[in-house]
Amino acid sequence: MAEEGLWPALTWADKILAFTVAICAIALIAHERDSAAVGGVLVIEATGAEPATRMLAKHGLLRVMGLLGESQIEIGARGAHVIAAPCTHKICMRRGWIRQRGDLAVCVPNGLVLRIAGTAAVDAVVR
Amino acid sequence: MFKRPGDVARLGLLASAAIVLFVFEALAPRPLPWMKLGLGNLPVLLSLLSFGSGPALAVSSIKLVVGGLLSGGFAGPAFVIGGGAGLVSWLVMALIKRYTGRLFSVVGLSIWGALAHQLCQLLLAYAYIGQSGLFSLLPLSLISALLSGGLIGLLAWWTLHQLQKIGWFNRT
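Sequence order for the protein chains is F and L. Here the numbering used here is used: the first residue of the first sequence is 102, the next is one more, and so on. Here the numbering used here is used: the first residue of the second sequence is 316, the next is one more, and so on.
Hints listed in this document are in silico derivations from the structure and should not be mistaken for laboratory results. Wrong hints could be hidden among the right ones.
[What the hints assert, rightly or not] Derived DEER-like restraints, expressed as beta-carbon distance ranges:
| id | chain 1 | residue 1 | chain 2 | residue 2 | range |
| --- | --- | --- | --- | --- | --- |
| 1 | F | 189 | L | 369 | 41 to 49 Å |
| 2 | F | 155 | L | 417 | 49 to 57 Å |
| 3 | L | 445 | F | 173 | 17 to 25 Å |
| 4 | L | 473 | F | 170 | 58 to 66 Å |
| 5 | L | 387 | F | 130 | 32 to 40 Å |
Small disclaimer: the values here were computed from a predicted structure and weren't measured. Backbone N, C-alpha and C define an ideal beta-carbon position, used for all residues, glycine too.
Construct the entire structure; sequences and hints are all you get.
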């Protein structure tokens with residue numbers, strides 16, 4: 102333990118570790134930002150079922166069965182969000198609206214992952 | 316392991332503090348739903364530095380089991396994922412402390428522990444629900460580990476100094 106002051110508690114190895122972790126996080130975020138845009142499709146991955154997709158333009162209420170029971174997902178102008186879930190802590194509901202490509206709402210107890218994907222890219226327009 | 320009179324009482328005090336902090340944090344509102352400071356890890360870190368890896372494992376296990384029972388999540392998926400990650404975090408901190416000497420300070424140890432906790436949590440959650448989309452949380456997990464690990468490490472460093480002033484490390 103260092104004896105004087107709070108800051109000398111950090112060693113050079115600590116600073117290198119913190120710097121490396123920060124750089125990795127920033128690089129991963131920058132990589133995701135490059136491809137970030139308002140997504141067009143909600144991908145619903147429920148444990149034990151094939152992933153399903155739903156266009157974000159098609160507003161409405163979805164009911165998805167998970168490991169614990171039914172989760173309800175609202176799709177509206179602001180994107181998609183979980184409005185009811187059978188889990189204890191409701192972290193998926195507190196996640197709020199997801200709209201950008203790559204946004205996630207996860208409910209681990211109910212085995213549910215909601216992910217926003219982009220619209221299909223247009224390679225060419227043919228007349 | 317226990318060289319001084321009162322060491323068992325000191326360890327009991329740390330275990331109690333770990334349970335209280337764990338339950339408090341489970342009930343307190345969070346600024347972001349997926350982010351947790353990991354206050355319960357503070358007594359584990361203090362045990363590791365004061366008594367060694369065995370007593371730190373005891374404090375960590377007591378925190379997980381009693382804290383899980385009190386907060387109502389015992390044996391549920393969140394308990395298994397959080398508990399597994401907590402034990403891996405202890406293991407990583409114990410190994411780093413043992414094999415790197417004074418290369419890393421308390422803050423460095425804490426960041427390693429937080430990193431191990433976050434990465435293990437992601438892997439266990441993936442093993443449980445099998446959805447690779449979870450790994451999109453990796454950058455946020457790294458930032459969370461850096462902030463929470465750094466803050467808990469600084470708190471541990473400050474606490475150790477205060478404990479030293481009141482004779483926590485005295486030989487008698």
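Now the hints, each set against the structure:
1. The given range of 41 to 49 Å is broken by residue 189 of chain F and residue 369 of chain L, whose C-beta atoms sit roughly 32 Å from each other.
2. Between residue 155 of chain F and residue 417 of chain L the Cβ separation comes to about 55 Å, which falls inside the hinted range of 49 to 57 Å.
3. Between residue 445 of chain L and residue 173 of chain F the beta carbons are some 22 Å apart, a value that agrees with the proposed interval 17 to 25 Å.
4. Separation of residue 473 of chain L from residue 170 of chain F is about 45 Å and departs from the stated range, judged on CB atoms against 58 to 66 Å.
5. Our hint of 32 to 40 Å for residue 387 of chain L and residue 130 of chain F holds, since their Cβ atoms are close to 35 Å apart.
Hint violations for this structure: numbers 1, 4, all remaining hints satisfied.
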